[in-house]
Amino acid sequence: MEHVLFFLAAIGALGGAIGVVAMRNLFYGVLALVVHLFSLAVLFLLLTAAFLAAAQVVVYAGAIVVLYVFVAAYVGGDTESAWEPIPGQRFLAPLIGVALFAELAIAVLASALRALGTDGPDVAAGFGDPAAIGNLLLEKFLIPFEASSLLLLLAAVGAVVLASRRSAPSEGEVPTSR
Amino acid sequence: MTVEWYIVLSSLLFAVGALGILLRRSPIVILLCLELMLNAGNLALIAFSRMVGNEEGQVFALVVMVVAACEVVIGLGLIVAIFRRKLPLDVDELRELRG
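Protein chains in written order, with numbering that gives the first Met the number 0: chain A, 0 to 177; chain B, 0 to 98.
Don't take each hint at face value.
To be verified - Listed below are several chain A residues computed to face chain B (Cβ distance under 8 Å; list not exhaustive): (1) L13; (2) L39; (3) I95.
Unchecked claim - Sample of chain A residues lacking proximity to chain B, with all beta carbon distances greater than 10 Å (derived): (4) P86; (5) A111; (6) A124.
Stated by the list, open to error - Reference excerpt, derived from the structure (chain B facing chain A, CB under 10 Å, subset only): (7) V2; (8) W4; (9) L35; (10) V58; (11) C69.
These are calculated hints, taken from the structure and not from any lab test.
Each residue gets a CB set at the ideal place from its N, CA and C atoms; glycine is no exception.
Whole structure, please, built from the sequences with the hints as guidance.
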């Protein structure tokens with residue numbers, strides 16, 4: 000059962016990732032990202048990370064994908080030009096991708112981590128549930144937690160500044176009429 | 000499933016994301032591929048946290064998620080600002096900052 004679920008989720012995650020890369024239409028790419036994210040949430044559940052799986056669905060599928068869809072609708076779908084500025088990019092890029100995968104796989108699988116071949120130790124029933132993560136966040140990792148809240152605040156302010164309508168008209172700029 | 004499978008899957012996803020960044024020219028698709036790479040890192044973190052039997056890796060993954068959210072907000076804000084100025088949305092034409 001666990002194996003079947005793993006392979007289904009792995010196929011979903013991989014297919015979604017390839018869809019993001021391969022789709023010409025931006026909307027289909029975003030939909031492929033949704034498939035990828037849900038499959039990843041299933042994988043997180045298999046790894047007994049229940050809170051992370053829920054956060055993945057809420058944060059990504061709930062917030063980030065909606066943001067992408069809105070911006071894609073605002074900017075318009077077909078923005079990619081067909082010409083190839085770097086000679087041989089279409090042949091070189093897959094080569095580099097395959098080389099990167101081979102390097103990562105060799106680096107991990109050839110390491111001396113003996114526990115890689117196991118399922119991991121047996122864990123208690125509450126492993127990775129919200130209470131456990133919350134305890135860690137508020138006790139051991141309090142400073143990173145506060146720092147990440149500051150980062151979120153900065154990102155929100157930055158987005159408002161970047162996307163604000165009234166930008167000072169500098170030279171050569173058409174006054175924003177949209 | 001042993002932890003190895005998750006790690007191999009995560010490196011495969013990372014390579015696919017990197018391939019997308021190398022191949023595509025639309026900045027929105029490049030941001031999407033960045034998401035793929037961050038998610039692959041998350042999967043590896045959670046798999047290793049399961050391997051050790053310790054939840055601290057999951058806190059790391061949560062922080063990576065926060066960083067991904069910030070990156071998306073800023074990146075999409077930049078894209079909207081670029082679009083407003085009627086500049087081409089193509090990373091090969093937006094090369095003024097290149098050294």
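Cross-check of the supplied hints:
no., hint, result
1, L13, "holds (7 Å)"
2, L39, "holds (6 Å)"
3, I95, "holds (6 Å)"
4, P86, "holds (12 Å)"
5, A111, "holds (14 Å)"
6, A124, "holds (13 Å)"
7, V2, "holds (5 Å)"
8, W4, "holds (7 Å)"
9, L35, "holds (5 Å)"
10, V58, "holds (5 Å)"
11, C69, "holds (4 Å)"
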